[in-house]
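Asker: One letter stands for each residue in the lines below.
2 protein chains.
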Amino acid sequence: MVVYTASTTAPVNIATLKYWGKRDKDLNLPTNSSISVTLSQDDLRTLTSVATSEEFKQDKLWLNGKEESLNSERTQNCLKDLRSLRQELEQSDSSLPKISSWGLHIVSENNFPTAAGLASSAAGFSALVVAIAKLYKLPQSTSEISKIARKGSGSACRSLFGGYVAWEMGDAQDGSDSKAVEVAPLSHWSNLKAAILVVSADKKDTPSTSGMQTTVKTSDLFQWRIKEVVPKRFEEMKKSIIDKNFPVFAELTMKDSNSFHSTCLDSYPPIFYLNDTSKKIIKLVHSINEFYGETIAAYTFDAGPNAVIYYEDFNESKILSFLYQLFDKVEGWSKKFSQDELNKFSSEFNSNSSKIQFQLDDELYKGVSRIILTKVGDGPQDTNESLVGADGFPKA
Amino acid sequence: MVVYTASTTAPVNIATLKYWGKRDKDLNLPTNSSISVTLSQDDLRTLTSVATSEEFKQDKLWLNGKEESLNSERTQNCLKDLRSLRQELEQSDSSLPKISSWGLHIVSENNFPTAAGLASSAAGFSALVVAIAKLYKLPQSTSEISKIARKGSGSACRSLFGGYVAWEMGDAQDGSDSKAVEVAPLSHWSNLKAAILVVSADKKDTPSTSGMQTTVKTSDLFQWRIKEVVPKRFEEMKKSIIDKNFPVFAELTMKDSNSFHSTCLDSYPPIFYLNDTSKKIIKLVHSINEFYGETIAAYTFDAGPNAVIYYEDFNESKILSFLYQLFDKVEGWSKKFSQDELNKFSSEFNSNSSKIQFQLDDELYKGVSRIILTKVGDGPQDTNESLVGADGFPKA
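Protein chains in written order, with UniProt numbering: chain A, 1 to 396; chain B, 1 to 396.
The set of hints was computed from the structure by calculation and includes no laboratory data.
Treat each hint with caution, since some may be false.
For chains that are exact copies, the list does not tell them apart, and a pair is met inside one copy or across any two.
Subject to a maximum C-alpha distance of 30 angstroms in a straight line, what follows is the list of computed BS3-like cross-link-like pairs (lysine-lysine) [as the list claims (entries may be wrong)]:
#: 1; residue 1: K22; residue 2: K329
#: 2; residue 1: K244; residue 2: K217
#: 3; residue 1: K283; residue 2: K25
#: 4; residue 1: K60; residue 2: K335
#: 5; residue 1: K57; residue 2: K232
#: 6; residue 1: K60; residue 2: K137
#: 7; residue 1: K227; residue 2: K336
#: 8; residue 1: K366; residue 2: K329
Please build the complete structure, drawing on both the sequences and the hints.
Answerer: Pasting the structure below:
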């Protein structure tokens, strides 16, 4: 039995200019362009292996060790597009095996807890599409392939690139110009770090797809955001990345997070993703920036209460001395730092503490379950790891 | 010694179309028109007595039994305007005593805890201005006098009328057309009730004056709110009041509260007045409306976490059966209802409980310190009560 296999890893990305609102739900076409930072796969990645064989009569999917349904229309749309590109290849070169008609086995695993509420669907769909594109040896550019990932999950298209990525909304009705492009590669501004505070959610938030629909339909302020606020901010943010101007990048990032959550609150009925812990983290970041007299940290919040705090590596101890003081009880620190290094954060905090003018909430850590310390990273990577065996089924 | 005295009571008003943003800070000129409901003085009122005598060499103020400074520029502006109108009278009729040049004693008391974070400054400045206007026997219309109250505290101008009140923003630079007018008197729609849930605040919120300045200066969405959203909503809300159309009035009220808080969140740094308890009350009101299949309750939140829930009296047991179930442990119920009546709310809740599809948070009452049950009410009232004695000083 001939089994073809391919594997890839793909990263998570966290938007700094938010995607919120679809102009076409089936094609995942957005109402505005967005920008994101791709995060390092050392800390957060999906590994996906795919296998195909003439013997496989149907498509199958295993996620984190469990077989799952492949019925979702979005996944089906991705598979259809990838197969049709492969078919074109097969038609133009009859020496190629006709694998486009064979069943696909897709095996996927995250190296982080999906329960954390991190945007795992972006990494997931990105890995799925890239792995199959690789299996099918598709010649299309990364931006072209990103359009297929977009149909799976809008923000997944941005996970096709490393570094700093824009999703250009496009204006074609068929979505043919709605794709991810690189704003700057990882190497251009490689010292950006991110501390993710995983905030405990009360219960399930409004799913983002239905939340977006409510906002588009009901928020008066949303129309202004997409028409006037975002287009201007999109250009300004791209420039701040090209210029590696952290203070400008940071302010735009914080403002855009707040603007997005404002339009959620302006929806009817209103949608809330930030909770009291999130708000205290927002105030904390503003207080830290004020304390140092410059903007060295930027928060951003997706459709949930988790905070992502961006900063440049040379400011790390300035930021982490505060975060370690407040969140030393949550897990995640020892993954990156020895106890000696952590003690240095405490010393730095203590040496500053007499100058701190703002109130630190000693109980804030109770709303946070974990810290993930990571940084800007690369796009999808080839890997020798494989989740499928020679038979094309998940390894035991 | 001749002592002239006058007394009045004045009500609190709670905006249903929010005032947020000043175009002139000194004159308290707003960036948009607003609408409010005046609340009953049986439950919330300021009583102010004023006295003047040739012997009084300076102005003095006693608030809730304590002498306070009269130095605030806003109070001084009110006193100056009132004195100047009195002077005009004295100049045109030489038989009048020249009391405009005498010292004023102002004694003021609220019948509700100021700590509750209810907009007591509106009632306070309204009572102050009305009492002195009465003392001075000023012939000006209520709308004219409202302009003076506006200089004390913007929203105070709306407390000059009972029932349903609009503050027309005007466009004159000197504020001469920025005044309160009656949309409809109490008698037009007298069955509107209000349940105020006093929500415990973590700490002092951003004061509204500085909050407004931040929003005006930094929020992109705010410009759209004042130019496009509010002007349309202002006309629609006035019509809903004229029509006594509660569902429309309610939806506009809720949307406008959310819109206002959205522009706070869109400010930089962001301003938060709603906390997790406020948000749960918002969700609760939407759930109650959904449960009954019609919009019978409307929430609104000022610059703080307290919820004001409006409803019509014939729906009282429908609303209060839910509120009593959730908040029976907070104080305030027995002021309005006997235990028998309260038990009926419980029975009504229990008879519905099997049909309730949404989650009720048993611990929500922990974020609420008191309920104030009140209704739409009249404007400032003459009163025989006086807080000053024959000597023009506070009664012991």
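Asker: All hints are to be evaluated individually against the structure, with a verdict given for each.
Answerer: Status of the hints after comparison with the structure:
no., hint, result
1, K22 <-> K329, "neither (40 angstroms within a copy, 44 angstroms between copies)"
2, K244 <-> K217, "between (37 angstroms within a copy, 26 angstroms between copies)"
3, K283 <-> K25, "between (35 angstroms within a copy, 26 angstroms between copies)"
4, K60 <-> K335, "neither (35 angstroms within a copy, 65 angstroms between copies)"
5, K57 <-> K232, "neither (50 angstroms within a copy, 60 angstroms between copies)"
6, K60 <-> K137, "within (20 angstroms within a copy, 87 angstroms between copies)"
7, K227 <-> K336, "neither (42 angstroms within a copy, 50 angstroms between copies)"
8, K366 <-> K329, "both (9 angstroms within a copy, 26 angstroms between copies)"
Comparing the model with each numbered hint stated earlier shows that hints 1, 4, 5, 7 do not hold.
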